[in-house]
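Q: First residue of the sequence shown? That's 1 in UniProt numbering, and the numbers climb one at a time after it.
It is worth saying that the hints were derived from the structure and are not from the lab.
Ideal Cβ placement from N, Cα and C applies to all residues, glycine included.
Accuracy of the hints is not assured; some may be wrong.
To be verified - With a Cα cut of at most 25 Å, we get these calculated SDA-like pairs of lysine to any residue: (1) K72 / T55; (2) K72 / L82; (3) K59 / G33; (4) K29 / S45; (5) K72 / E88; (6) K50 / L25; (7) K50 / E22; (8) K72 / N17.
As the list claims (entries may be wrong) - Here are the in silico distance ranges between beta carbons for each label pair: (9) V34 / E61: 29 to 35 Å; (10) S79 / K59: 24 to 30 Å; (11) K59 / L25: 27 to 33 Å; (12) I26 / P86: 17 to 23 Å; (13) G33 / K59: 30 to 36 Å.
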Amino acid sequence: MEKIWSSLPDSVSKPNNEEEYEALLIGMKIAHGVGAKHLVAYSDSQLVVKQVEGTYEAKEENMIQYPQQITKLRTGFESFQLTQIPREEKSRLIASPSLSAL
1 MEKIWSSLPD SVSKPNNEEE YEALLIGMKI AHGVGAKHLV AYSDSQLVVK
51 QVEGTYEAKE ENMIQYPQQI TKLRTGFESF QLTQIPREEK SRLIASPSLS
101 AL
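Put together the whole structure using the sequences plus the hints.
A: Encoded structure:
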């Protein structure tokens with residue numbers, strides 16, 4: 001499995017869920033670019049995870065595009081998993097990022 005952490009620069013001013021989606025999209029593109037076949041991604045946003053799963057529906061016009069983009073990109077992987085984690089766990093992942101392509 002590939003583990004990738006990506007984040008937007010602090011100077012980018014977007015609502016938290018948009019930042020989560022942008023970081024996820026960047027990470028997925030990087031993983032695809034290095035030839036990853038299996039991807040496990042983590043988010044501390046319940047809304048993002050549930051929208052990607054299809055449990056919640058994105059209603060705001062600016063947010064509808066994100067789950068659609070994730071759905072398109074995930075077809076490029078043999079397996080894709082998005083897991084909700086506590087914010088504290090996210091901080092630990094940021095401190096020790098890893099990337100390995102199989």
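Q: Okay, V34 versus E61 on CB: inside 29 to 35 Å?
A: 33 Å, holds
Q: Quick check: does the Cβ-Cβ distance between K59 and L25 fall within 27 to 33 Å?
A: The hint (27 to 33 Å, Cβ to Cβ) is violated, given that K59 and L25 are roughly 20 Å apart.
Q: Checking one constraint from the list: CA of K72 to CA of T55, max 25 Å. Satisfied?
A: Between K72 and T55 the Cα gap is close to 17 Å, so the pair holds against 25 Å.
Q: For the pair supplied as a hint, K50 and L25, is the alpha-carbon distance within the 25 Å limit?
A: 16 Å, holds
Q: Taking 24 to 30 Å as the hint, is the beta-carbon distance of S79 and K59 inside that range?
A: About 29 Å separates the Cβ atoms of S79 and K59, which means 24 to 30 Å holds.
Q: If you draw a straight line from the CA of K50 to the CA of E22, is it 25 Å or shorter?
A: 16 Å, holds
Q: So does G33 sit 30 to 36 Å from K59, Cβ to Cβ?
A: Since G33 and K59 have Cβ atoms about 32 Å apart, the given range 30 to 36 Å holds.
Q: Straight-line Cα separation of K59 and G33 no greater than 25 Å?
A: Since the Cα atoms of K59 and G33 sit roughly 31 Å apart, the hinted pair is violated (cutoff 25 Å).
Q: K29 and S45: Cα distance at most 25 Å?
A: 20 Å, holds
Q: Quickly compare the C-alpha distance for K72 and E88 to 25 Å and report which way the hint goes.
A: Given pair K72, E88 is violated - Cα atoms ~30 Å apart, limit 25 Å.
Q: So if I understand the rule, the pair passes when the alpha-carbon distance is 25 Å or less; does K72 with L82 pass?
A: 14 Å, holds
Q: What's the verdict on K72 and N17, does the C-alpha distance respect the 25 Å limit or exceed it?
A: 19 Å, holds
Hints 3, 5 and 11 from the list above are not met by this structure, while the remaining hints are.
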